[in-house]
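Q: Top line first, the protein sequences correspond to chains L and H.
For the first sequence, my numbering assigns the number 76 to the initial residue and increments by one for each residue that follows.
For the second sequence, my numbering assigns the number 76 to the initial residue and increments by one for each residue that follows.
None of these hints come from the bench; they were simulated from the model.
Keep in mind that this is a model prediction, so the values were computed, not measured.
Cβ coordinates follow ideal geometry from the N, Cα and C atoms, glycine included.
Heads up, some of the hints might be wrong.
[As the list claims (entries may be wrong)] Selected chain H positions facing chain L (in silico; Cβ < 8 Å):
(1) Thr146
(2) Val149
(3) Gly158
(4) Asp166
(5) Leu169
(6) Trp174
(7) Val228
Protein chains: 2
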Amino acid sequence: MNVVLLAGGVGGAKMAEGLAAAVGRDLSIVVNTGDDLELHGLAVWPDHDTVAYTLAGLDDEVRGWGLRDETWTVIDRLEGLGGQEWFRLGDRDLATHLWRTDRLRAGGRPTEVALELGAAMGIESRILLMSDRPVRTQVLTDDGWLEFQEYFVHRHQEPTVQRVRFRGAEAAETTTEVLAAIAHAGVIVVAPSNPIVSIDPILAVGGIRPALEEARARAVPIVAVSGIVGGKALKGPADRMLTALGEESSALGVARHLLPLISHFVLDRVDGGLEPEIHGLGVDTLVEDTIMTDDAARARLAEAVLQFATTSADARR
Amino acid sequence: MNVVLLAGGVGGAKMAEGLAAAVGRDLSIVVNTGDDLELHGLAVWPDHDTVAYTLAGLDDEVRGWGLRDETWTVIDRLEGLGGQEWFRLGDRDLATHLWRTDRLRAGGRPTEVALELGAAMGIESRILLMSDRPVRTQVLTDDGWLEFQEYFVHRHQEPTVQRVRFRGAEAAETTTEVLAAIAHAGVIVVAPSNPIVSIDPILAVGGIRPALEEARARAVPIVAVSGIVGGKALKGPADRMLTALGEESSALGVARHLLPLISHFVLDRVDGGLEPEIHGLGVDTLVEDTIMTDDAARARLAEAVLQFATTSADARR
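Here chain L stands alone, though its shape is the one from the complex (with noise of 0.2 Å):
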């Protein structure tokens, strides 16, 4: 069965890990380009890497972000020259922006620069981008608007958002190949990933949720993970922003968020006593272990979510 995963950087990682292990090269996932960036004229795409390096067995699961046995002798020379380095970049890390900017300079489009990428390193699974064109997120602060890494890495999440938007979404058109992967899609899935600034701009590209809503037409599943669980993100401001947003930093609150694209939910058992208010906004709900410590624990999720989706969707016929 194919699936299709919208994805932000950890959250969507795990979760594609999980679904990988469950349907390999079935699973197309859909990334968030937002946070792209230009560093020292290098193209840097953080969720893309945080889930190809995930789907390469290179994480680093300590850290929770970046390449295993990563090294810092280039940045920290560059420091030595007197470079402010805030957003720091590992020298096995450089390799990928330096090997996927000699494709994108010689001409490469981007999609194909990131199969490429994503063939180089084993992974069986399709790397997707939201779109080739740039997309920008940034939000609004008491500074004004931020660039979304300005904000995440430099300011380290410190500033209260006011207001999130995506530059070039709606110029920015979906690829050929997002758009066939949803036709083809037998489930599709939502990560637990931050609903804001992750799967929104996501949303937001040109010709996507379109597709997806016609997806739903088609009685094709749409199963959102909660990242959120027992009103806290799992991982980055996901909660605060809902907050600031005047959202509910709660698994409602994502599941609000979503409407009216998703037709199944899966929430945490810590959150199980909102299952109630969720299943009455109109969607299917299941109760899950939802954190993702291990390998094992990632399987057992992608496994429960796509039997959740594809049940029901056999029950309501």
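Given chain L's structure and the hints, the job is docking chain H onto it.
A: Structure of chain H alone, referenced to chain L:
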């Protein structure tokens, strides 16, 4: 006394180090940029960096090029991704290229970027580029015209060089910094670099040869040190190049090649027998130990060269 050195890579760097020990901030080095290249979108300046690393005391004296304590994590990983890396950049070296490329992309003039880098490395002397505009040394071989580094690094200097050209040298003009340095020079030194592909490109840049001729007309000594010792190049293919181009692979051949520009010529003791013939060309000659095996040898040769040039200049009055 202000000293100007025309320099290529390794031989130029050793001479620069000796002269810097003698005159420090009064030394301006005009480096060949004809070997520069773009790799992975990064501005790589091999001759400049060889001089800079040597003057900063960071050079690897055992290997003879690049940085001491260099590591190769990035390039190894790039190769792991399937890249074909015939020009292997070390990690610490890479930081230089990233730093520089950043500055250039931000609109920095190449010479200013070079001076800024020198300051960041704590280099007292000034390293000047022969031009701010691109000049590309190319060599004609049986396989047609090759970019210099393609010939030098990728093909290990194996093809026979039939002709050499400096693309863009006609249109490139030298900088106000180079012209000012030459105008204020008390001595001009031509390093024991490859005369054909390290010194000639400098002389081919618009404005440099006339400025040097004007200096000579003001009785400023221009002293060349032979990089051919006992008929062999100390490093690189200069000997084979001289032969292939119909010149003589000897200190005499080097002196002839640099005439009528130079007023003084330094040759190694092993070539002492050539002194009468070189003197007969109309240049003052000095026979010296020219092999700069260590810091002390570099400083000693530099002192000898400066004394030779300035003393005989006085004597001619």
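Q: Are the hints correct? Go through all of them and say.
A: To see whether the hints hold, each was checked on the structure:
1. At its closest, the beta carbon of Thr146/H sits 5 Å from a beta carbon of chain L; the interface hint therefore holds under the 8 Å criterion.
2. A distance limit of 8 Å between C-beta atoms decides the matter here; for Val149/H the minimum to chain L is near 5 Å, and the interface restraint holds.
3. The criterion of a C-beta within 8 Å of any C-beta in chain L is met by Gly158/H, whose closest approach is roughly 6 Å, and the hint holds.
4. Residue-level restraint check for Asp166/H holds (minimum Cβ-Cβ distance to chain L is 4 Å; threshold 8 Å).
5. At a threshold of 8 Å, the smallest CB-CB gap from Leu169/H to chain L is about 5 Å, leaving the interface hint in force.
6. Of the supplied interface hints, the one on Trp174/H holds, with its beta-carbon coming within about 5 Å of a beta-carbon of chain L, less than 8 Å.
7. This hint is violated: Val228/H has a C-beta 17 Å from the nearest C-beta of chain L, more than the 8 Å allowed.
Figure legend: structure checked against the earlier numbered hints; the only hint not met is number 7.
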